[in-house]
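Protein chains in written order, with the numbering used here: chain W, 19 to 342; chain G, 19 to 342; chain S, 19 to 342; chain L, 19 to 342; chain P, 19 to 342.
Source of the hints: derived by calculation from the structure; they are not laboratory data. Any given hint could turn out to be false.
Said to hold, decoys possible - EDC-like cross-link-like pairs, simulated, lysine to aspartate or glutamate; straight-line CA separation at most 16 angstroms:
#1 K338/L with D195/P
#2 K337/W with E280/W
#3 K338/W with D178/G
#4 K338/P with D195/S
Claimed, not checked - Counterexamples of contact, computed for chain G against chain L with all Cβ distances above 12 angstroms:
#5 G28
#6 D54
#7 F70
#8 V77
#9 R83
#10 P109
#11 E117
#12 L151
#13 A289
#14 Y333
We put the beta carbon where it would ideally sit given N, CA and C, even for glycine.
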Amino acid sequence: MISGRRYRTGEDRPEQLDVAGSDSFATAPDSFSWFDIVEPDPDDLDRLRSAFSLHPVTVEDTMHRRQRPKVELFDEYVYVVLRPLTLTTEPSIALQDHEVHVIAGRDFIVTLRWAPEFPMQEVQARWNRHPELRDVGFAIYTLLDEVVDGYLTAVEALEDEADDLEDLVFERDAEGDADILQQRLFRLKRDTVVLRRSAMPLRQGIDLIQEDASISTPALAPYFRDVMDHVIRVVELADNVRDLLTSLLEVRVAQAANRLNEAMKSMTAWAGIVLVPTLIAGIYGMNFDHMPELSWQLGYPMALGVMAGSALGLYVYFKKRGWL
Amino acid sequence: MISGRRYRTGEDRPEQLDVAGSDSFATAPDSFSWFDIVEPDPDDLDRLRSAFSLHPVTVEDTMHRRQRPKVELFDEYVYVVLRPLTLTTEPSIALQDHEVHVIAGRDFIVTLRWAPEFPMQEVQARWNRHPELRDVGFAIYTLLDEVVDGYLTAVEALEDEADDLEDLVFERDAEGDADILQQRLFRLKRDTVVLRRSAMPLRQGIDLIQEDASISTPALAPYFRDVMDHVIRVVELADNVRDLLTSLLEVRVAQAANRLNEAMKSMTAWAGIVLVPTLIAGIYGMNFDHMPELSWQLGYPMALGVMAGSALGLYVYFKKRGWL
Amino acid sequence: MISGRRYRTGEDRPEQLDVAGSDSFATAPDSFSWFDIVEPDPDDLDRLRSAFSLHPVTVEDTMHRRQRPKVELFDEYVYVVLRPLTLTTEPSIALQDHEVHVIAGRDFIVTLRWAPEFPMQEVQARWNRHPELRDVGFAIYTLLDEVVDGYLTAVEALEDEADDLEDLVFERDAEGDADILQQRLFRLKRDTVVLRRSAMPLRQGIDLIQEDASISTPALAPYFRDVMDHVIRVVELADNVRDLLTSLLEVRVAQAANRLNEAMKSMTAWAGIVLVPTLIAGIYGMNFDHMPELSWQLGYPMALGVMAGSALGLYVYFKKRGWL
Amino acid sequence: MISGRRYRTGEDRPEQLDVAGSDSFATAPDSFSWFDIVEPDPDDLDRLRSAFSLHPVTVEDTMHRRQRPKVELFDEYVYVVLRPLTLTTEPSIALQDHEVHVIAGRDFIVTLRWAPEFPMQEVQARWNRHPELRDVGFAIYTLLDEVVDGYLTAVEALEDEADDLEDLVFERDAEGDADILQQRLFRLKRDTVVLRRSAMPLRQGIDLIQEDASISTPALAPYFRDVMDHVIRVVELADNVRDLLTSLLEVRVAQAANRLNEAMKSMTAWAGIVLVPTLIAGIYGMNFDHMPELSWQLGYPMALGVMAGSALGLYVYFKKRGWL
Amino acid sequence: MISGRRYRTGEDRPEQLDVAGSDSFATAPDSFSWFDIVEPDPDDLDRLRSAFSLHPVTVEDTMHRRQRPKVELFDEYVYVVLRPLTLTTEPSIALQDHEVHVIAGRDFIVTLRWAPEFPMQEVQARWNRHPELRDVGFAIYTLLDEVVDGYLTAVEALEDEADDLEDLVFERDAEGDADILQQRLFRLKRDTVVLRRSAMPLRQGIDLIQEDASISTPALAPYFRDVMDHVIRVVELADNVRDLLTSLLEVRVAQAANRLNEAMKSMTAWAGIVLVPTLIAGIYGMNFDHMPELSWQLGYPMALGVMAGSALGLYVYFKKRGWL
């Protein structure tokens with residue numbers, strides 16, 4: 019599905035373009051055109067290629083998913099691959115991976131999107147709010163900034179989840195769901211790696227843009243520096259979460275060993291409390307002809323008393339040593 | 019809450035400015051103005067923006083908390099974000115995170131602070147003590163130096179805590195609070211990461227300042243080199259504490275395994291000491307018609323003696339092998 | 019086994035060369051020659067050496083297997099060592115390691131292959147499809163691109179295997195084959211290291227090629243940039259898989275400790291359930307003359323009831339605490 | 019305590035200076051002066067400052083302990099902070115941390131030392147042996163070289179300790195002192211980190227010196243290159259020891275798990291050996307009216323034989339499986 | 019022990035030199051002299067120093083063992099320290115550490131060797147085979163190449179050992195020698211670190227040589243590039259072995275935990291199988307007057323049957339759950 023808008027210089031509202039026609043990707047003097055293609059089919063890509071003289075390697079790249087984020091400068095256009103992330107809350111909080119390709123020249127930008135589609139409303143809104151800045155650099159900037167803001171939102175959600183997990187790890191009685199906690203720790207670590215891998219290559223990409231004065235004009239330079247700063251912050255926060263999770267996993271191992279220790283001690287203590295009276299019972303169950311206690315009137319209650327006493331003594335002893 | 023002070027060249031004491039008025043952020047020739055805003059509201063930021071022609075990305079940055087420490091040079095001003103840390107002692111020793119933004123031009127500096135407010139008395143005092151150095155570079159230096167001194171104080175507190183934890187880890191009998199020790203190790207590690215993340219970006223920032231001769235004048239260059247040196251020291255000491263804590267966590271795992279081993283051996287030993295007499299009692303509890311010992315006059319004391327002897331023998335044996 | 023093909027400029031189909039003859043490696047004006055040698059014997063290498071004036075170190079390198087991937091520029095030729103990987107599915111999914119050496123000059127390319135032979139059909143097909151690009155750079159590019167595509171296929175297979183292993187690790191009841199799972203984790207990690215080691219040196223190699231304008235002509239530059247991008251992606255994905263596997267191994271250790279804990283608790287519970295009734299039986303097995311219960315009509319069922327009751331009580335108690 | 023010596027050009031023996039007088043830090047033409055101050059008091063530092071026009075940040079640095087090793091070039095002098103380490107053997111082998119500050123100009127050097135004082139005899143002796151090289155560069159070199167030689171001695175002592183610990187870790191029967199071994203491993207690791215942190219910053223410092231032709235004269239360049247080489251060797255050896263210790267700690271964890279395994283198996287085996295005869299005794303302790311064995315003449319010895327036989331059989335079985 | 023050989027230009031065989039005489043280290047026009055000194059005594063070093071005007075730091079370095087591998091360029095000579103490794107097979111496969119120092123000028127080379135002596139036959143043979151290349155660069159190259167080939171042989175032996183250990187780790191029944199396996203893993207890791215530390219500094223050293231056109235002549239440049247390539251390969255392979263060993267150690271810990279788990283379950287199962295019949299025996303050992311089963315004709319075999327049945331039932335149950 020293709021949609022096109024043309025922004026004439028000095029005019030506030032864009033003109034809707036009919037991109038179904040044969041001449042659909044034409045640009046016009048004194049204007050900037052924005053084409054947005056969702057789930058492009060081979061035919062769309064073919065028309066794109068001939069309209070903007072795309073290089074074979076660009077065409078090749080647009081035909082495969084799971085590309086690495088990158089910025090490639092060609093003579094007539096710049097090719098940008100983005101891997102935005104959004105947060106989904108259904109069924110539980112998770113990262114949703116998107117892919118957006120951008121082909122942008124002096125007076126046009128083409129955005130290619132695939133399902134699940136990265137939402138562009140906010141990008142369009144920011145673009146519309148600044149008619150004075152409408153050129154290719156600002157178009158790329160708004161897109162980049164929106165994507166990187168998404169990363170910041172995501173990394174903050176990951177930080178919150180890491181805080182929750184930290185609380186769970188140090189909660190005394192939360193043992194029943196040890197495996198589920200483990201799994202949440204692991205999943206969070208994996209998400210952090212995905213986030214880092216999506217954001218990291220943008221450093222190199224924005225570097226390239228910053229060196230190209232035709233995109234990063236003096237007016238726009240502070241904006242690109244700001245995006246770069248946010249990318250670095252995302253990567254630092256992600257590294258942070260990752261380090262924290264690694265430590266939490268280590269803590270888990272140490273905790274499990276401690277708990278095992280406690281379980282072992284408590285088992286030893288209970289075994290003693292049961293087995294010592296059993297031994298006493300065994301003694302008075304022996305069949306010797308001459309066992310004076312057996313004929314005592316109070317032999318039986320006395321034996322029960324000794325059993326109870328030994329059990330109680332052991333209980334108090336182990337309780338004191340902290341084994342129970 | 020805004021407060022302003024104007025330092026006229028050659029005069030020792032500053033003049034208090036009325037910043038509530040419309041003309042509030044005006045600067046004056048032959049003087050240096052210092053504005054300090056606590057918890058700026060949108061209106062304050064708006065007045066700032068128009069008084070000093072701030073760039074939109076600066077305005078944007080001042081509106082969001084948890085910014086990454088950074089230095090950004092604009093044509094007319096330098097924008098600095100700091101994340102100072104102070105030590106609080108209530109209820110227990112912990113790091114308190116602050117945020118300070120600085121906008122500084124040729125003859126003014128604006129400091130923006132948010133609750134919990136980073137205390138500026140010491141910075142002001144140092145600034146007041148050196149009337150001969152009153153320019154933008156020295157203003158930024160006193161602030162930076164105060165922040166980095168705070169990091170040094172913090173990192174030394176973390177080192178002390180790490181030493182305490184080390185002692186606890188190697189104390190023989192401190193087992194009862196294993197989980198609390200684990201938690202303190204983890205919390206300390208996290209604090210160390212926070213400290214490192216606050217200090218680390220200042221290296222890049224001070225680098226930028228050192229390259230700008232209008233801030234880092236020849237007279238000030240040794241001062242900035244000194245701050246840089248302290249930043250590196252903070253990072254090195256923090257790395258140090260972190261490595262130490264990682265090793266302590268590893269030691270904890272090995273210790274837990276050792277203790278488990280000991281608990282297991284002691285359990286085996288006690289089980290033997292109880293179960294062997296139980297077996298003997300069981301033997302003399304058998305109902306065979308022909309068991310000569312049963313009719314011996316001293317059969318019973320003898321059996322008790324054998325039981326006691328086997329228990330004692332096992333006790334001595336296990337004691338010797340170090341299982342008890 | 020040597021085969022040769024000569025591509026005359028402007029002609030579509032190659033001429034088959036007879037390379038058994040003495041003059042076999044001759045090149046011809048207005049044409050590009052492609053020689054492919056499988057399992058070269060010393061005699062072949064000798065003829066190569068004299069035909070293309072190879073340097074002694076090149077000759078030396080072609081005589082030993084398990085070379086490191088590299089690109090070496092000599093005055094008259096470029097020497098490339100590649101270590102392609104292909105996926106085999108028999109008996110199970112595994113990486114197959116190949117080795118290809120390339121000697122390429124202005125108007126020829128020699129590919130040396132050893133068993134197991136890296137298949138070249140796809141490379142030849144791509145070369146044949148672009149008669150307009152037939153020069154040494156494009157020959158090297160098609161080969162490199164094919165090899166790197168193989169890496170991408172391989173790394174994606176490793177990712178799938180890693181996903182499978184992750185599912186297995188977090189599957190509740192998959193305990194029986196713990197060692198086999200461990201082994202699969204380890205093998206996958208090792209394969210990832212092999213893949214990384216094969217791909218990584220190509221970054222440096224392609225760098226060298228990109229700086230040599232005689233191979234990386236302006237027309238080919240975007241192609242080599244594209245291959246480079248894919249190499250980086252392979253390395254990043256491989257790093258990713260490796261990190262994931264490291265975390266999974268850590269999770270395994272924590273899980274094993276948890277399971278041990280559970281096994282210990284369940285053992286303690288069952289021991290209690292069996293040993294408490296045993297103690298009761300022991301008590302009524304004592305031989306005291308005066309034990310009133312022994313003569314009760316319902317003494318026996320009562321004793322059985324107490325035993326069953328204590329066992330049931332303990333069972334319910336431990337079930338509630340989650341020890342069973 | 020201040021002492022001063024003046025070395026006149028062409029003269030072999032130095033002249034002792036009276037540094038208590040007001041003019042005490044004066045230098046003289048055609049001579050090189052060496053001032054050594056132990057535990058300088060504020061007054062000494064004040065006189066130093068005015069005698070050699072020290073920069074405020076230098077004065078500040080000399081007033082605080084635990085400075086980071088560094089080299090700072092000022093217009094009129096170079097400021098060097100060193101953190102030498104010496105080995106003490108009382109009560110056990112340990113690293114002793116020192117701190118030495120150096121202020122050196124064209125014709126003087128001031129060394130500041132604090133308790134525990136770094137011994138300077140060897141440095142003075144080497145200086146005295148080379149009258150032809152007496153300038154500021156050689157003074158700094160002899161000091162640096164002595165400090166770095168101390169690091170080499172220290173790192174070799176740490177290597178020896180690591181070898182001892184390795185032997186202890188792999189000694190079969192050394193289990194009793196598991197915790198002490200752990201502690202020694204940890205302490206050694208910490209010492210290694212201290213050593214590395216003391217030596218590492220010297221790389222950067224010597225780099226600075228090497229670039230300053232007034233200190234690192236052509237005649238001295240090979241000497242400074244040699245010191246640099248030793249610093250790198252110290253760092254490499256320290257890294258080595260650290261890696262080794264990390265591996266040893268890992269080995270300890272694996273060993274503890276193995277030993278636990280063995281303890282568990284041996285416990286299972288012994289439990290079986292005691293409990294199976296107990297079961298047999300229990301059987302013949304039953305009170306059935308019709309138990310033919312009970313009335314056999316040889317019933318009792320037979321029962322004892324079955325018990326002994328089952329215990330022996332289990333013992334042999336477990337011995338064979340390696341559980342005992 | 020000193021031996022000397024002189025290679026006259028255009029002559030194939032060298033002339034033996036008498037190096038005991040006073041003039042022993044003299045060089046001659048149109049020739050290249052090779053001096054080889056085994057276990058030099060202070061006198062030899064003294065003669066060397068004066069013959070070739072060695073710098074004091076070179077003399078100092080030749081007097082101490084365990085130097086770091088390095089290349090130092092002086093005006094009149096180049097000083098090279100090498101740490102070759104050879105494989106010994108007695109008593110078991112191990113790395114033998116050697117030390118070789120090289121002093122080489124325009125028309126001479128001096129090799130200093132210490133016990134255990136690094137064998138030089140192969141180096142001499144290669145030197146003899148190429149009379150056309152006899153200059154200082156080629157002398158250094160043959161030596162370097164021989165040393166690096168030794169590293170390659172060593173790293174391949176370490177790889178084989180690592181493969182053996184991997185097989186042992188994943189072999190099901192190899193538990194008896196857990197500690198020995200651990201030790202072999204650790205020793206191999208240590209050897210890998212030694213190898214890496216010996217080879218790594220050569221990268222920097224060969225870099226230095228490659229930049230010096232008087233040693234690395236255009237004719238020799240490809241040779242030095244080849245050695246460099248081999249050094250990188252050694253380091254990469256060593257890193258590889260190290261990573262593999264780290265993973266194997268981790269796997270060991272996870273395996274030990276798994277085995278412990280299995281041992282615990284099997285213990286629980288056997289305890290149940292023995293203790294449940296013991297409980298039954300205890301029940302029929304009670305002395306109640308009214309226990310109908312006791313007087314049944316088949317009471318005893320029935321009781322035995324119940325015991326056997328419960329044991330069998332538990333056995334089958336635990337077998338099914340995989341606890342046995």
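| task | May I ask which of the numbered hints given earlier this structure violates, with the numbers listed in increasing order? | result | As far as the earlier hints go, 3, 12 and 13 are violated by this structure, in ascending order.
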